[in-house]
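Using the hints provided, position chains B, C, D, E and F relative to the given structure of chain A.
6 protein chains.
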Amino acid sequence: MSSKRKSFSHLDAAGGARMVDVGAKPDSRRTAIAEGRLTCAPATIRLLRAQALPKGDVLTVAQIAGIQAAKSTSALIPLCHPLALTSVDVTFKVQRDSIGVRATVRTTGQTGVEMEALTAVAVAALALYDMCKAVDKGMTIGGVRVVKKTKAST
Amino acid sequence: MSSKRKSFSHLDAAGGARMVDVGAKPDSRRTAIAEGRLTCAPATIRLLRAQALPKGDVLTVAQIAGIQAAKSTSALIPLCHPLALTSVDVTFKVQRDSIGVRATVRTTGQTGVEMEALTAVAVAALALYDMCKAVDKGMTIGGVRVVKKTKAST
Amino acid sequence: MSSKRKSFSHLDAAGGARMVDVGAKPDSRRTAIAEGRLTCAPATIRLLRAQALPKGDVLTVAQIAGIQAAKSTSALIPLCHPLALTSVDVTFKVQRDSIGVRATVRTTGQTGVEMEALTAVAVAALALYDMCKAVDKGMTIGGVRVVKKTKAST
Amino acid sequence: MSSKRKSFSHLDAAGGARMVDVGAKPDSRRTAIAEGRLTCAPATIRLLRAQALPKGDVLTVAQIAGIQAAKSTSALIPLCHPLALTSVDVTFKVQRDSIGVRATVRTTGQTGVEMEALTAVAVAALALYDMCKAVDKGMTIGGVRVVKKTKAST
Amino acid sequence: MSSKRKSFSHLDAAGGARMVDVGAKPDSRRTAIAEGRLTCAPATIRLLRAQALPKGDVLTVAQIAGIQAAKSTSALIPLCHPLALTSVDVTFKVQRDSIGVRATVRTTGQTGVEMEALTAVAVAALALYDMCKAVDKGMTIGGVRVVKKTKAST
Amino acid sequence: MSSKRKSFSHLDAAGGARMVDVGAKPDSRRTAIAEGRLTCAPATIRLLRAQALPKGDVLTVAQIAGIQAAKSTSALIPLCHPLALTSVDVTFKVQRDSIGVRATVRTTGQTGVEMEALTAVAVAALALYDMCKAVDKGMTIGGVRVVKKTKAST
Chain A
1 MSSKRKSFSH LDAAGGARMV DVGAKPDSRR TAIAEGRLTC APATIRLLRA QALPKGDVLT
61 VAQIAGIQAA KSTSALIPLC HPLALTSVDV TFKVQRDSIG VRATVRTTGQ TGVEMEALTA
121 VAVAALALYD MCKAVDKGMT IGGVRVVKKT KAST
Chain B
1 MSSKRKSFSH LDAAGGARMV DVGAKPDSRR TAIAEGRLTC APATIRLLRA QALPKGDVLT
61 VAQIAGIQAA KSTSALIPLC HPLALTSVDV TFKVQRDSIG VRATVRTTGQ TGVEMEALTA
121 VAVAALALYD MCKAVDKGMT IGGVRVVKKT KAST
Chain C
1 MSSKRKSFSH LDAAGGARMV DVGAKPDSRR TAIAEGRLTC APATIRLLRA QALPKGDVLT
61 VAQIAGIQAA KSTSALIPLC HPLALTSVDV TFKVQRDSIG VRATVRTTGQ TGVEMEALTA
121 VAVAALALYD MCKAVDKGMT IGGVRVVKKT KAST
Chain D
1 MSSKRKSFSH LDAAGGARMV DVGAKPDSRR TAIAEGRLTC APATIRLLRA QALPKGDVLT
61 VAQIAGIQAA KSTSALIPLC HPLALTSVDV TFKVQRDSIG VRATVRTTGQ TGVEMEALTA
121 VAVAALALYD MCKAVDKGMT IGGVRVVKKT KAST
Chain E
1 MSSKRKSFSH LDAAGGARMV DVGAKPDSRR TAIAEGRLTC APATIRLLRA QALPKGDVLT
61 VAQIAGIQAA KSTSALIPLC HPLALTSVDV TFKVQRDSIG VRATVRTTGQ TGVEMEALTA
121 VAVAALALYD MCKAVDKGMT IGGVRVVKKT KAST
Chain F
1 MSSKRKSFSH LDAAGGARMV DVGAKPDSRR TAIAEGRLTC APATIRLLRA QALPKGDVLT
61 VAQIAGIQAA KSTSALIPLC HPLALTSVDV TFKVQRDSIG VRATVRTTGQ TGVEMEALTA
121 VAVAALALYD MCKAVDKGMT IGGVRVVKKT KAST
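Residue numbers (our numbering), protein chains in the order written: chain A, 1 to 154; chain B, 1 to 154; chain C, 1 to 154; chain D, 1 to 154; chain E, 1 to 154; chain F, 1 to 154.
Same shape as in the complex, but just chain A (with noise of 0.2 Å):
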């Protein structure tokens, strides 16, 4: 593609922002996968695995979040169209000194879900952010970005 047909999709020809109408095109069945990771100290992954981890409730709490969030893309989103997503599934890799967050978003609809999983992402990684602040002061968010993009016709 030239750079003289890149454009904004999201501002109109003065420059406006608006919602792209999608509504001409057809229904596909799209998946988007989208990751990031909350670095910690590694003395906090161990007191999660100590205290939290056995039951897994941290980790669940933090599932729920990214899944209930996923739902709200297009309230968080402004130029997001809403979507009925079909399938959102979090999951989470506890590492030395950090834990990776991987959204899986699924639909059939007119927009792809990339916002979907990468809200997905941030707000599952905000939840757990919260659960370990008291024990954590340094903790940083990040490598938040789309793994993977599908779109399939129906």
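Quick caveat, the hints were computed from the structure, so don't treat them as lab data.
Note that the Cβ used here is the ideal one computed from N, Cα and C, for glycine as well.
Don't take each hint at face value.
[Stated by the list, open to error] DEER-style ranges, computed between Cβ atoms:
1) F:S7 - C:S9: 22 to 30 Å
2) B:L53 - D:R49: 17 to 25 Å
3) E:K137 - C:S9: 42 to 50 Å
4) B:D12 - C:S7: 39 to 47 Å
5) B:K25 - E:P42: 57 to 65 Å
6) F:T150 - E:S28: 24 to 32 Å
7) D:K25 - F:K148: 24 to 32 Å
8) A:R29 - E:P42: 51 to 59 Å
9) C:Q51 - E:R96: 26 to 34 Å
10) A:R29 - C:T154: 16 to 24 Å
11) E:K137 - B:L53: 39 to 47 Å
12) C:T154 - D:L53: 26 to 34 Å
Below, chains B, C, D, E and F alone, put in the same frame as chain A:
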């Protein structure tokens, strides 16, 4: 504080999730500042400067997304307390290959507002991602962290 | 169905919570009817008939609460799919010492609407409770269950 | 249409409120355009042009408010059906003593989107009011009406 | 106040949107009253009186819509502060060719509640519009304005 | 209290619905405890113990649903006041053929929190229902009632 006394305040004695009781804490004037960054291609920034930034709309949309998200933090983060925020400010710093996001949140209340500031940053960055994704598929949100937190008696 | 095949669809192989993928299911016309009951003192019903029911306001308020709750079911119940409901109907039957609540919900979609009907009943009953609690401290909500569920091809 | 056949579709046979069943209607491509106006002092418009309109922020904030409100119409208007909007566009016309607001909403669905367009206009005008109220105490929102409504088979 | 000192409090020094800091203001008991009007055909009013007003449902539905909207003002109007309203009252005056709407909102807090009162009026009028639109295509919402605002020390 | 003085506080003199004015009441520390129960087949409980309870996820999901619902009570129950809850705690008691749900809610404010506790119980039970409905079609939610309510001056 000795590591012995460190524990996850969001877990009860049995390891279950809970919303911590803050009812006995006095009201304080509280501020939190959080930052983060959307990293993108330099060409995206150039296009943004040419097409979108003259009118400022893209940044204003992201700003509103961040402010609104700060106000709905307790709906997004399961164990966060509802707080009547007295001020939310979201600013941006457009650089060569990234847009820095900074949120300052204030309240008078019984708990801190770092989650509100972090949520504002994360959602403002997600909104920027949404508006730039048509021209850049390789963006990443990172460096989301608290940079300052203060508490003063009322 | 053998007990072997029975399983919790909201749990993945590792026992984690998830929002089941319904993307491969065909759209069907679906109906669910749920019922429940607010049990109260006969004096409360008499007062309601004398003061509140002539104008119908108390029941209308509860009806709207139930309809609005049905529409927000996927925001309330973490693993519920968002569904575009095509019809919600909430009715009441005032008896000697109770108010029966019945909700009928319809959609054309990939999952059933029993959770939407149950949520409408529960929240309509909670709204009734709220409006009667100044005169009756001993009320109970019960019998909240699905009474009918149908599915027809579109 | 004879007056006999005219009736309030949101009332059932007994006069109770209900969300009309639209499940049997075919999907159509639907558009609605609504307009309205915030009337204010000419000095407010002059101040707006001098201080706020160069960067466009005030109008963009109101635009986002209108777009977000359109998406949440079914949560605001009790008997409205949830609809997956495919496009929302809010524009303004700044005049000597008023700001005109115009919203165009589209969907493919079973009911019209005039309530979504009207809600976008009303909330965008309320947001303008909010941002101008520090300098003008005598503003009025008026002329909120549907100016066009179309339906086409898919 | 001289026109020099007049400025838009929702804009920062650089012209960017912000949620004004009200943290230093003392709590006051605040009231705001707003009014508005849905203008329709006299035949609509006659039909409403015959079919819908005997039971009062149409007005009660609009009343609830207005009350709920007042409570969610800070979610609808981007730069509004969240406020714990202590009272919301919405009343109607049915006339020959219009329905007048009046909302009274009270709080004890750091900012006024005129936006809450205006939002209640606008959304109650939108709900009336929704319920009457099947019988009247030419209605208009207008005259939405603040009629009284008071502040008293606690 | 004589029966003469008993009345529905949510109705005004004309019988219309309203949100009672609590602005003149002093702040008190308030607690409410509510309980309820999901009754199901013993086989469902056995399956739950075998498949779902080891990791605790099912109960944690329901707990989060209850906590989040408590925080959104004023959005669900039309005439409830918004309250900044200081604590929400939801616990479960798994028995032979039922799961007991108990919610404890606290605030410092002008109205009681029994509706918040009841809403937490009802929605937690609905979430349990949702997760068990694939294996049990005959469940009932009942016994939802307030078991304790206290008020203490601040």
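Is the distance from the Cβ of R29 (chain A) to the Cβ of T154 (chain C) consistent with 16 to 24 Å? 18 Å, holds
Is the gap between the beta carbons of K137 (chain E) and S9 (chain C) within 42 to 50 Å? 46 Å, holds
Taking the Cβ atom of K25 (chain B) and the Cβ atom of P42 (chain E), is their distance within the range 57 to 65 Å? For K25 (chain B) and P42 (chain E) the Cβ distance comes to about 59 Å; the hint holds.
Using the C-beta atoms of L53 (chain B) and R49 (chain D), is the stated range 17 to 25 Å upheld? With Cβ atoms ~21 Å apart, the hint holds.
Against the range 51 to 59 Å, how does the distance between the Cβ atoms of R29 (chain A) and P42 (chain E) compare: consistent or not? Taking Cβ atoms as reference, R29 (chain A) and P42 (chain E) lie about 52 Å apart, which means the hint holds.
When you take the CB atoms of S7 (chain F) and S9 (chain C), is the distance between them in 22 to 30 Å? 48 Å, violated
Are K137 (chain E) and L53 (chain B) spaced within 39 to 47 Å by their CB atoms? 43 Å, holds
With 24 to 32 Å as the target window, see if T150 (chain F) and S28 (chain E) comply at their CB atoms. Hint holds: Cβ distance 30 Å, inside 24 to 32 Å.
Could you check the hint for me, namely that D12 (chain B) and S7 (chain C) are 39 to 47 Å apart, CB to CB? 29 Å, violated
Holds or violated: 26 to 34 Å for the Cβ distance of Q51 (chain C) and R96 (chain E)? At 31 Å between Cβs, range holds.
Does the hinted range 24 to 32 Å hold for K25 (chain D) and K148 (chain F) at CB? Given about 50 Å between the Cβ atoms, the range is violated.
Within 26 to 34 Å or not, the Cβ separation of T154 (chain C) and L53 (chain D)? 50 Å, violated
In summary, the structure is inconsistent with hints 1, 4, 7, 12 from the numbered list given earlier, while agreeing with the others.
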